[in-house]
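> Each protein sequence line maps, in turn, to chains A and B.
Its first residue numbered 1, the first sequence is counted upward by one per residue in this note's numbering.
Its first residue numbered 1, the second sequence is counted upward by one per residue in this note's numbering.
Any given hint could be a false lead.
Unchecked claim - In silico lysine to aspartate or glutamate, EDC-like type, Cα no more than 20 Å apart, as pairs:
no., chain 1, residue 1, chain 2, residue 2
1, A, Lys-30, A, Glu-101
2, A, Lys-193, A, Glu-67
3, B, Lys-115, A, Glu-365
4, A, Lys-26, A, Glu-101
5, A, Lys-349, A, Glu-365
6, B, Lys-75, A, Glu-54
Simulated from the structure, these hints should not be mistaken for laboratory data.
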Amino acid sequence: MLSVLIWLPVIGALIVGFWPTNMTAKVSRKISLGVSIAVFIWSLVLMSQFKIGEPGIQFSEFLPWIEALGLTYHLGIDGLSLPLVILNGLLTCIAIYSTDESINRPRFYYSMLLLLNASVVGAFLAQDLLLFFLFYEVELIPLYLLIAIWGGQRRGYAAIKFLIYTAISGILILASFFGLVLLSGASTFEFEKVYAVSLPLGAQFLLLAGILVGFGIKIPLVPFHTWLPDAHVEASTPISVLLAGVLLKLGTYGLLRFGLGLFPEAWAVLAPWLATWAAVSVLYGALNAIAQTDMKKMVAYSSVGHMGYILLAAAAATPLSLLATVLQMISHGLISGLLFLLVGVVYKKTGTRDINVLSGLLNPEGGLPLIGSLMVMGVMASAGIPGMVGFISEFLVFRGSFPVFPTQTLFCMVGTSLTAVYFLLLVNRVFFGRLSANVLNLPPVQWSDRTPSIILAILIVMLGVQPSWMVRWSETTTTAMITHSQAVVQLPSVMISQ
Amino acid sequence: MRDFLIQTSWWVPLYGLIGAVLTLPWSTGIIRRTGPRPAAYFNLLMTVLAFVHGTLVFRATWNHEPYEIVFHWLKAADLDLSFSLDISSLSVGAMELVTSLSLLAQLFALGYMEKDWALARFFALMGFFEGAISGLAISDNLFLTYALLEMLTLSTYLLVGFWYAQPLVVTAARDAFLTKRVGDVLLLMGVVAVGTFAGSLDFPDLYEWAETATLSPTTATLLGLALIAGPIGKCAQFPLHLWLDEAMEGPNPASILRNSVVVAAGAYVLIKLQPILNVSPVALTTLIVIGTVTAIGASMVAIAQIDIKRALSHSTSAYLGLVFIAVGTQWTDFALLLLFTHAVAKALLFMSAGSIILTTNNQNLTEMGGLWSRMPATTTAFVVGSAGLVGLLPLGGFWGLRLGIDDLWIDIPWLVPVLLLVNALTALNLTRVFRLVFLGPKAPKTRRAPEVPWPMAVPMVSLVLITLSIPILMQSLSLLPDWMYINQGAVLLLVGSGLIGTISGAAIDLRRNWSRPVQITLRFLQDLLAYDFYIDRLYRLSVVFAVNQLSRLNAWIDRYVVDGLVNLVGLATMFSGQGLKYNVSGQSQFYVLSIILGLSLLCFLMSWPMLTVLNTQL
Numbered sequence: 001m002l003s004v005l006i007w008l009p010v011i012g013a014l015i016v017g018f019w020p021t022n023m024t025a026k027v028s029r030k031i032s033l034g035v036s037i038a039v040f041i042w043s044l045v046l047m048s049q050f051k052i053g054e055p056g057i058q059f060s061e062f063l064p065w066i067e068a069l070g071l072t073y074h075l076g077i078d079g080l081s082l083p084l085v086i087l088n089g090l091l092t093c094i095a096i097y098s099t100d101e102s103i104n105r106p107r108f109y110y111s112m113l114l115l116l117n118a119s120v121v122g123a124f125l126a127q128d129l130l131l132f133f134l135f136y137e138v139e140l141i142p143l144y145l146l147i148a149i150w151g152g153q154r155r156g157y158a159a160i161k162f163l164i165y166t167a168i169s170g171i172l173i174l175a176s177f178f179g180l181v182l183l184s185g186a187s188t189f190e191f192e193k194v195y196a197v198s199l200p201l202g203a204q205f206l207l208l209a210g211i212l213v214g215f216g217i218k219i220p221l222v223p224f225h226t227w228l229p230d231a232h233v234e235a236s237t238p239i240s241v242l243l244a245g246v247l248l249k250l251g252t253y254g255l256l257r258f259g260l261g262l263f264p265e266a267w268a269v270l271a272p273w274l275a276t277w278a279a280v281s282v283l284y285g286a287l288n289a290i291a292q293t294d295m296k297k298m299v300a301y302s303s304v305g306h307m308g309y310i311l312l313a314a315a316a317a318t319p320l321s322l323l324a325t326v327l328q329m330i331s332h333g334l335i336s337g338l339l340f341l342l343v344g345v346v347y348k349k350t351g352t353r354d355i356n357v358l359s360g361l362l363n364p365e366g367g368l369p370l371i372g373s374l375m376v377m378g379v380m381a382s383a384g385i386p387g388m389v390g391f392i393s394e395f396l397v398f399r400g401s402f403p404v405f406p407t408q409t410l411f412c413m414v415g416t417s418l419t420a421v422y423f424l425l426l427v428n429r430v431f432f433g434r435l436s437a438n439v440l441n442l443p444p445v446q447w448s449d450r451t452p453s454i455i456l457a458i459l460i461v462m463l464g465v466q467p468s469w470m471v472r473w474s475e476t477t478t479t480a481m482i483t484h485s486q487a488v489v490q491l492p493s494v495m496i497s498q
Numbered sequence: 001m002r003d004f005l006i007q008t009s010w011w012v013p014l015y016g017l018i019g020a021v022l023t024l025p026w027s028t029g030i031i032r033r034t035g036p037r038p039a040a041y042f043n044l045l046m047t048v049l050a051f052v053h054g055t056l057v058f059r060a061t062w063n064h065e066p067y068e069i070v071f072h073w074l075k076a077a078d079l080d081l082s083f084s085l086d087i088s089s090l091s092v093g094a095m096e097l098v099t100s101l102s103l104l105a106q107l108f109a110l111g112y113m114e115k116d117w118a119l120a121r122f123f124a125l126m127g128f129f130e131g132a133i134s135g136l137a138i139s140d141n142l143f144l145t146y147a148l149l150e151m152l153t154l155s156t157y158l159l160v161g162f163w164y165a166q167p168l169v170v171t172a173a174r175d176a177f178l179t180k181r182v183g184d185v186l187l188l189m190g191v192v193a194v195g196t197f198a199g200s201l202d203f204p205d206l207y208e209w210a211e212t213a214t215l216s217p218t219t220a221t222l223l224g225l226a227l228i229a230g231p232i233g234k235c236a237q238f239p240l241h242l243w244l245d246e247a248m249e250g251p252n253p254a255s256i257l258r259n260s261v262v263v264a265a266g267a268y269v270l271i272k273l274q275p276i277l278n279v280s281p282v283a284l285t286t287l288i289v290i291g292t293v294t295a296i297g298a299s300m301v302a303i304a305q306i307d308i309k310r311a312l313s314h315s316t317s318a319y320l321g322l323v324f325i326a327v328g329t330q331w332t333d334f335a336l337l338l339l340f341t342h343a344v345a346k347a348l349l350f351m352s353a354g355s356i357i358l359t360t361n362n363q364n365l366t367e368m369g370g371l372w373s374r375m376p377a378t379t380t381a382f383v384v385g386s387a388g389l390v391g392l393l394p395l396g397g398f399w400g401l402r403l404g405i406d407d408l409w410i411d412i413p414w415l416v417p418v419l420l421l422v423n424a425l426t427a428l429n430l431t432r433v434f435r436l437v438f439l440g441p442k443a444p445k446t447r448r449a450p451e452v453p454w455p456m457a458v459p460m461v462s463l464v465l466i467t468l469s470i471p472i473l474m475q476s477l478s479l480l481p482d483w484m485y486i487n488q489g490a491v492l493l494l495v496g497s498g499l500i501g502t503i504s505g506a507a508i509d510l511r512r513n514w515s516r517p518v519q520i521t522l523r524f525l526q527d528l529l530a531y532d533f534y535i536d537r538l539y540r541l542s543v544v545f546a547v548n549q550l551s552r553l554n555a556w557i558d559r560y561v562v563d564g565l566v567n568l569v570g571l572a573t574m575f576s577g578q579g580l581k582y583n584v585s586g587q588s589q590f591y592v593l594s595i596i597l598g599l600s601l602l603c604f605l606m607s608w609p610m611l612t613v614l615n616t617q618l
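So that you can see chain B by itself, here it is in the shape it has in the complex (with noise of 0.2 Å):
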């Protein structure tokens, strides 16, 4: 049964692939006496059966040795393209997570859902979304993780455009994919070289390579720079961190699997190369600069945000950034831990932040208030999401960001502030949209909103066990150190920043009448945080400027130097013809001169060899 299990967890990613296609007859129109829903109870079906399957296996493999699986796809001259997929309990767990989120965000969606036309189309790119990234999880080989990634981003680029009617969508799915892809064609500049390098693209000949790699420091450093472009893209990490803010432009159940698991698959990836990275004391050392700067700054901007999901969505950026640094200074548990708390808790946060909208129709946070007596539901599960991101004892949160500062501690001390920075600051934002959203008096919009319906109240209420009982999960996987050996340093300053964070989170002025300061550096201050660094114009200014104007130039050469050398040919051509026949006259006189004066002209071309010889002689 267990060699069973084991042989067939490749399936798994296949279910959400499987459902993805089976909504087919629905989002092309073929069936439409039955409406769309069918489309998503397969892929919810497709999605358990995932789930149970990924169960099975988990429970098979944990305590026992990694299994691998090679699946030869493609033998091409002195090219092998074989995948290899590796069955550890920690790929199957990530797997896990994957399913068991994307279950609770589709069931989220049936309700969230409910009256889109095209909810056939959106569960089928949820089926998609969750196979390519169940299938990172158990990958073992750099040319299926590139492959899969790309998916993503296809994925990522058709879910966020959903709404396609619509401008800001528009341009948001365009600069997704763009951001995107700009890193994976530099990861997959990665994945050519180190494979022409290291003779093999799975991972554990590429660490036997790395160890022994003899490079110049130069192709190292690119190499090594090359491979974390991709990561940097897909967790939306300075300076390719653009895309998250404006994806939440996107359905909301997508935004919660973005934001929880999305991001974590491209710091999975990121960990799965870190071993390579080794090989390039700069990626590293890039790794944790990158990781820094997001997580300082996206905090920062988060404060100013007032679209609720903007608000959220640059906390992720924040946490990715902590994971980033986690893996330039190589402490990977570090690094796995807070990924897995910080997608639970990401996930929660976003379920509630998605009920506040469908019942208030409204994402800006400066409407809103008094929810709390409204929605008790929806206002628990942004206290336990929130509660379980920031460094809260005991939940998961602060399980995660204690390791990172105990591992720290030892290392790079510096970077320990950082932590507790991102931390404090947080939590205060946090408390922030909390005091907008449920406290306070009751808005328009917020006076006769419901407690959401049934297919959003029991997923989300069920994430919210989750997320309260993770201690308890990671007990139980022995996840947790001892009371003995923990540093009573680290625990002081962590709950002490998480209070800070709180409470000026509590005491700062919150008006919703005025949301723009008086003052002309307050006012530049919030601008600046608002508008992300104004980094989106600079870009507009710089890249999109350049190559818009290169091309056009380029246009205008083509058209006008290439093509116009061409039609000047031809008009020349057909100019001297025109001219010529003028010659044509029908006088003998004009044809004997014509012919005298060529043929003097020849003898004399002809007998030029010889005047040069006859005057040189004299």
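Bound-form chain A, shown alone (with noise of 0.2 Å):
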């Protein structure tokens, strides 16, 4: 059941970059779509027989591969990934319906999108260390190459820098692996043998630290950010999309499932430490925000301040903040992947995203009116105003997270009014004021150009008025791995008195 989510995609990528006879841009966009779509739907067909009481891995698979390695084919997926794999399902879609018809190499440009696709499904699937290592690094491949070739005027330096950063990421982690594996003296990678090993604290502080690292690159958290702006502005609009939306979340996935998860000593004494590292994440990356004049740097440099939310969280793990991890995930998807929709529609009818050079756009001739509302909406969304699901998760965070971590919490709240802040820039400067002479006589925005942001728009306000649709997959899951670290470590009473 779960290989179809990974191996349609693939066998759709081989289809589309390698069958023999020639294929219009058409077709193969039409048969790339009809892949992504068939795939989101199937994911919306396990999430209909997913049984919601059930803390552990369900539709389990698993097949020996390299047993002399330990290395096995076993997937599985619970309350954590559930939601991601949708989310991927989803942006992939929207990613493909929104790529520009004519693209260059369309054949080449899809079939990289369905096997990032497949590689992503595939980490979140995992339920061996090594088998999610695999697909990590597999996942490098098609973005790498998607910001290198199908980017903008300085996509080499992006896409290596992105490759070079994601590439030492990966090395941590394996290391770290490797490490718990060999310590521990366990014969497989697993993650159900290795969850029940427990190592000396000295050795998983060290274990711990590759983890920290190699995933605070992938979400990303300060000081280890600075690849991130520079893909994004360099990759072009379904890229960013995709990026932004699922595969920072693979950093914060990790972090969950292998740092919180693997050692959970390690991290319950680490975890002050982390809450500031957050609070200092996001901050820096709300602040930066601010600075910065490209509307898409703008929107990168909110992803860190928001991700950082996640570090809190998850570093303060009580079943309430651990679950609003999932819920901030999901949110943080959808509304970056909204603004970074958007963005590009911007970008592509005035061919700037300078917001010195833009004005007006919210002109109702000759503007973008639709796309401008949108915006509004979005970025409301963003600085967690009620109605919209950034705000229930933002509250869920700062309230899971309060009684653990109060100072650091108080100060990743700063954060949310400094989002404020900087999109109201945004706002103002672009949306708003007189229609600049610069970008008169736009061509007409297509439905095509909409629709996906509309889609996007519409779970926003669906999932911020009614929560509980995404709260009841993955309560079980959160509160079973808090009751599973704590049956590890007996946690020292930090409610704070009142």
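Join the two chains, each given in its own frame, into one complex according to the hints.
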């Protein structure tokens, strides 16, 4: 069942890429869109079959692969990975749909996108450390190519930077995995077996450091973040959507699954530092975003800030805050996806992303009124205005983390008001005011430009009004994670005294 | 029937939201053929429904026990977010005030905004506004209250920024949002903290918790200050008061609501929070101080304004300052009554101001004059609104202020002069505005001004009648005290202060032609007041400057230090690689040399421990 999610896009990628006869751009687009929609629908089918009350992994698939290495093909899904798998399916469909129809080398492009989809799903589904690492590394190749070939002017620099950063992240993670298995003397890399081992605290710290830095690069956390703005600015719109929406989540997923999951004792000791790190990341990202003049860079730095909340909640590790991490991942995926799509439309129509050049785009005649309205909405969602999904997930992050780390949580909250500052700057400059003479006679906006953003906007509002539709899938799993880590460590009662 | 009405009372805020949603086809431009009017009619219809439904619910709740409706919204891990709504005659009455004023303001807008191309968007925002405020009135849960306050912030931003093509509007909308947002985020900190301490966010639970809470003094103070920050921003109190003045750039019908019920919503939340604030005496003192500073400062600033809307909006801040004093001294009944009478009278004043602005196309007081004969209804509205605002027997403002004097007389007598001073200054300001606008010779811009059209006159005159009948209404709700118990000294003082204000307002020199005095001290004083004590410049030089510079510094560090280091590593790698490639010379003696050198270095390093051992032994 789960293998379909991985192998269907791979087959699709092979067909699009290597079909012997000539294939027009249109056909390749249709095939890849069809495949991605099929994968998405299949993930929805899985969701409908998913048993909510069960904390463990479901739909498990197991094949021994290279037994001498301890590598097995073991897939499974639980409440932590299910929402991310669905998010990935949705955003892949949107990315393919919103791709420019006259793109260069379409067959190569679409096959790379499908391959990216397959590898990311694989990483979320893998139940074996080595298998996870394989998918984590495989995802690098298509993404590198997607940035390096279809990117902006400095795409070579950005792509290589991304590649080197992520490769280092992969090496650190692999080293930690090997270290864990070697030190514990386990014979396999399967999660279930590895979870059971316990190491001396010193070894845990060493291995956790590798995990933290490795996934910290991917998330990204300050100071390992500088690849992200470059990659975002150079990548084309659909790739930015995927990068911000799904790929960053690999980092937070890994942090939760392997950092908190494998080394709960060391995690508990380091938690205050992690929370501080999160606060620094949040404020640093927000302050940097204020100073940007490129819209895409601004949104990219806001990602740095907003992903920091997830680290805060993960550090606090209360049942509520862990649930909030999942919600924040989903909400950030939807909101940043929406923002990147809209910035992409503005760039496509006006040819610039500079907030000092653009102005008055809300103008109903000759501007982009609907795109502007959606932008206002997306921005407000990101700033955490109620009625949209950003609010409830941030509230749960804060509410869940406050009992454990009050000071750090308060600093992170300052970050939300800074979010309002930079996004208001963006909206005020770009969309309010008089329509600037530089951008008169814009080409008309097609419905195909709007549809993906409207879908995301509807989801943002829907889940914001009815967050229990998100919460129910993950609640059991995150609670079980807490009990697991608490069983290992007798956490000191850190509830602050009243 | 009664049960049904009460059970469905939560529909009332929804009507406004539904109206907002119904306008979408017009505001997004899907339906163009009909023009934007149908959207406005839908909204009006929804507001009428809300008003009628609200009235029925009010009658059903009158003289009955409060009723509670609970919604289970989200249950996540150990957190249960359910919303309880408090259906009592007080909360439903507040909701009723909101819907009725919103109905009148929307009717007014039908005339005022007639030629605006974005009429549908305006009505959508008004519906949203109305829904959020009436929801606030019946909310009995701090989380829901916070969420609705944030929605108010958003809709204020959009309403102030309604004419977004004008540069002043853009900055005004930004300032309104950010100022309120500062208050809101501090409030959110308070909400998260109090939710953690008390375990529930329903007001009754919080009150219970506050009675027995044992917080450390610092925590209690911080909590109290965080909780009052939200209302400070919403009610335009010092130091978060500048937005209301700037927000006057927005369309007038929205200003009617903003100056009457939106600020009142913030104060209403404060009143709801008051029992929790008892944990922190510092917060209560802060309320009194902020209220006093704002009340006196804003009353004085109002006198120096030459923009008609700004002259009125500063007095809103002043009256809300009095409400803050009332909450700080724990006289909730005074606060509520003052909010009610102020809301009605201020709405009327703003309607009258809107009529003047529409017919003269002008907001500058110095360019007006002699309107009384041309616009009788507007003149009446202004006079009645002013009379209802200040302590003039027997209208609403009198009863509100009188209660305050009575209450404070016992507790903190030194606050009574503050009330009297605000009353006198307000009377002075209103008299000044009245003289400038309605009396005196006709100015070019007022010579041909006609009376306003029906859609604006009807709501204005209705509100005149409502303002006049407030004493009767209060009598029927048995809110008026017996004459026997009235403190006659207080009445005399109040009426006297109003008289002094009016007389000095009538006596001062008003010269339209040179509005800046020649005397240097007077000129300094006038500028100081006209520019709001230069507080906006102070902010620009402090907070805004600091955030700006900090973000630039941060961006610089990011670009040149963090990223620079990364690029340096990259460069170093590339250069060393480039440099080393010249070693490939093809001469074998060089290869042998480098192998020998390398090997000897390796040997040396490997034998280093041994050498050190030898060294120590020797």
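> Now, for every hint given, state plainly whether the structure supports it.
Status of the hints after comparison with the structure:
no., hint, in the structure
1, A/Lys-30 / A/Glu-101, "holds, 11 Å"
2, A/Lys-193 / A/Glu-67, "holds, 15 Å"
3, B/Lys-115 / A/Glu-365, "holds, 17 Å"
4, A/Lys-26 / A/Glu-101, "holds, 8 Å"
5, A/Lys-349 / A/Glu-365, "holds, 14 Å"
6, B/Lys-75 / A/Glu-54, "holds, 18 Å"
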